[in-house]
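Trainee: Residue numbers (the numbering used here), protein chains in the order written: chain A, 213 to 515; chain B, 43 to 226.
Everything labelled a hint here was simulated from the structure, so no lab data went into it. Hints should not be assumed to be uniformly reliable.
Pulled a few chain B residues facing chain A out of the computed Cβ check, cut under 10 Å [said to hold, decoys possible]: (1) GLU59; (2) ARG78; (3) GLY81; (4) GLU82; (5) VAL84; (6) GLY86; (7) LYS95; (8) ASN98; (9) ALA152; (10) GLU156; (11) GLY171; (12) ASN172.
If we take Cβ atoms under 10 Å as the criterion, some of the chain B residues that face chain A in the derived model are [what the hints assert, rightly or not]: (13) GLY83; (14) GLN106; (15) GLN108; (16) THR111.
Don't be surprised by glycine CBs; every beta carbon is placed ideally from N, CA and C.
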Amino acid sequence: MLDQLTDFLYPTTVEEAVEALAKAGGKALPLAGGTSLALSRNARVEVLVDITRLGLDRIDVDSDRIEIQCCATAHGITRSSLADLPEAGALVDAAQVSGPSGVRAAMTMGGSLAQCYPWSDPPVALLALEAKVEITRKTKRTVGITKLLEQHPSKALTPGDLITAIVLPRSGGASAFLKQGLTVTDDALASAAVSIRIDQGQEHGKKSTRRKKKAEAPQLSHLRVALGGLRPLPILATGLEDLVGRPMDDAWYETLADLIRSQVRPTEDARAPSAYRRTVAGVLAKRAVQKAVERWKGEPTPV
Amino acid sequence: MKLELTVNGKPCHWDIEPGALLLDVLREHGYTSVKRGCGEGVCGACTVLVDGKRQNSCLLLAGQMQGRTITTVEGLGTIDHPHPIQKAFVAAGAVQCGFCTPGMVLATKALLDETPEPTDEEIRRALDGNLCRCTGYVKILDAVHISVDALKTGGQHPDQAGRHKAHQAIEEAMDQATKAGDTP
Numbered sequence: 213m214l215d216q217l218t219d220f221l222y223p224t225t226v227e228e229a230v231e232a233l234a235k236a237g238g239k240a241l242p243l244a245g246g247t248s249l250a251l252s253r254n255a256r257v258e259v260l261v262d263i264t265r266l267g268l269d270r271i272d273v274d275s276d277r278i279e280i281q282c283c284a285t286a287h288g289i290t291r292s293s294l295a296d297l298p299e300a301g302a303l304v305d306a307a308q309v310s311g312p313s314g315v316r317a318a319m320t321m322g323g324s325l326a327q328c329y330p331w332s333d334p335p336v337a338l339l340a341l342e343a344k345v346e347i348t349r350k351t352k353r354t355v356g357i358t359k360l361l362e363q364h365p366s367k368a369l370t371p372g373d374l375i376t377a378i379v380l381p382r383s384g385g386a387s388a389f390l391k392q393g394l395t396v397t398d399d400a401l402a403s404a405a406v407s408i409r410i411d412q413g414q415e416h417g418k419k420s421t422r423r424k425k426k427a428e429a430p431q432l433s434h435l436r437v438a439l440g441g442l443r444p445l446p447i448l449a450t451g452l453e454d455l456v457g458r459p460m461d462d463a464w465y466e467t468l469a470d471l472i473r474s475q476v477r478p479t480e481d482a483r484a485p486s487a488y489r490r491t492v493a494g495v496l497a498k499r500a501v502q503k504a505v506e507r508w509k510g511e512p513t514p515v
Numbered sequence: 043m044k045l046e047l048t049v050n051g052k053p054c055h056w057d058i059e060p061g062a063l064l065l066d067v068l069r070e071h072g073y074t075s076v077k078r079g080c081g082e083g084v085c086g087a088c089t090v091l092v093d094g095k096r097q098n099s100c101l102l103l104a105g106q107m108q109g110r111t112i113t114t115v116e117g118l119g120t121i122d123h124p125h126p127i128q129k130a131f132v133a134a135g136a137v138q139c140g141f142c143t144p145g146m147v148l149a150t151k152a153l154l155d156e157t158p159e160p161t162d163e164e165i166r167r168a169l170d171g172n173l174c175r176c177t178g179y180v181k182i183l184d185a186v187h188i189s190v191d192a193l194k195t196g197g198q199h200p201d202q203a204g205r206h207k208a209h210q211a212i213e214e215a216m217d218q219a220t221k222a223g224d225t226p
């Protein structure tokens, strides 16, 4: 319960919204889906600035970038044109399992990133996808996701800041996200998002070359792995450079899983011991790469 | 604070506490089809439609509803003239204790408004935020299928379609049980 809450504001432009947030200082928060705020006990909040009337729920795919506005919901992501883009697969996968259907209908991408719980799924996908986060105050600034997640985003955002959009570069590759929970939509005990580009010295995207590629063990020209559910914030896996450019046989996948397991020290709690999360993280990373490869080849990849 | 919204087509002007949850405010104003289940967005018993989209009213502050349009099951149909989806739930026997039913019906409405002919997978995903502890979900999935057929034919004869599908399902289940030697 927000005991100190006295007022709601309903701005209709971004300028009005950021001005209202700045004016109230630390006593105001932006409110979109409300999935985490409604039940919070934040005693500092006196004003809530409803940002759902700013028209910021578009998802635009251009030739060089994908722009996801802050109020695009998880449900909206799964129904958008991103669902047909292999490179955006990780975010679509994450949106599809980000809580039960009622939560996915409300949860926004900006809110998920700003709140960034240890089990939040979209931030893990955004980290793998090298998202750039557009933050609006009086002026706009752009912060890389890796930088933003060095600390909890709420600390990086000062009162008056509003995440207005998330921009993904067009990679021409493929990505995928997988998580382990007690059910499909349960909070992640561990999760992995991967973004890959496959290089076989051939032009990517033509169906004829894709068919040819299926028979061969592909090699990657880019591999980025993000892990969630293990620590308070998503983790970017490191030391994977040696895997790039090598044939992706069984040994390759085992090496990946070993590298992941060797670098994570997951939190332990009543839901799962640290060792379990570490083992699962390795398996999920491996399977997520397999899923991304299948997606790149144009094969169906059920969640 | 003053809240102006439309509930089931009726303009409402309510005085609310700024921190009040939509779920509580709706129930206090007599919309008791909206149930408090888990209170944390997992069970879907508190589902309402906000501007036609499903939402968990336990995770919404009433203040977010300024100027919005809300639909609860009370606004969907009446006992004398139930909505085709409500008829489909009856026809399929998709109701036991009934606590989850308003949420199930509204979640189905939101799904079919957006996707008139969903796949089984789409139905399961759309209802994965609505828990039922009685039926085991089979009848509920039947009810959604019957709703699809009923809405396609303009709401005609869901009862007959329901009986047909429900009987078919029972016969198939009995056949399988007999084959497995698992007769009662």
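Trainee: Should the interface hint for B:ASN172 be scored as holding, given a Cβ-Cβ cut-off of 10 Å against chain A?
Mentor: OK, holds: B:ASN172 within 10 Å of chain A, min 7 Å.
Trainee: At a threshold of 10 Å, is the proposed contact between B:GLY81 and chain A supported by beta-carbon distances?
Mentor: Cβ of B:GLY81 sits 8 Å from chain A, so the hint holds.
Trainee: Double-check B:GLU59 for me: the hint is only fine if its C-beta lies closer than 10 Å to a C-beta in chain A.
Mentor: Holds - the Cβ of B:GLU59 comes within 10 Å of chain A, reaching about 8 Å at its closest.
Trainee: Let's test the interface hint: is any C-beta of chain A closer than 10 Å to that of B:GLU82?
Mentor: Holds: closest Cβ of chain A sits about 6 Å from B:GLU82, inside 10 Å.
Trainee: Hint B:GLU156 vs chain A: min CB-CB distance below 10 Å?
Mentor: 8 Å, holds
Trainee: Any CB of chain A closer than 10 Å to the CB of B:ASN98?
Mentor: Given a least distance of 4 Å, the restraint on B:ASN98 holds.
Trainee: Please check whether B:ARG78 passes as an interface residue: C-beta within 10 Å of a C-beta belonging to chain A.
Mentor: 13 Å, violated
Trainee: Can B:GLY171 be said to touch chain A, with a Cβ gap under 10 Å?
Mentor: 3 Å, holds
Trainee: For the restraint on B:ALA152, tell me whether the closest CB of chain A is nearer than 10 Å.
Mentor: Holds - the Cβ of B:ALA152 comes within 10 Å of chain A, reaching about 8 Å at its closest.
Trainee: Given B:LYS95 was flagged as interface, is its beta-carbon under 10 Å from a beta-carbon of chain A?
Mentor: 6 Å, holds
Trainee: Does the interface hint hold: is B:GLN108 within less than 10 Å of chain A, judged Cβ to Cβ?
Mentor: Holds. Min distance 6 Å.
Trainee: Closer than 10 Å between Cβ atoms is the bar; does B:VAL84 clear it against chain A? Give me holds or violated.
Mentor: 6 Å, holds
Checked against the numbered hints given earlier, this structure breaks hints 2 and 16; the rest are met.
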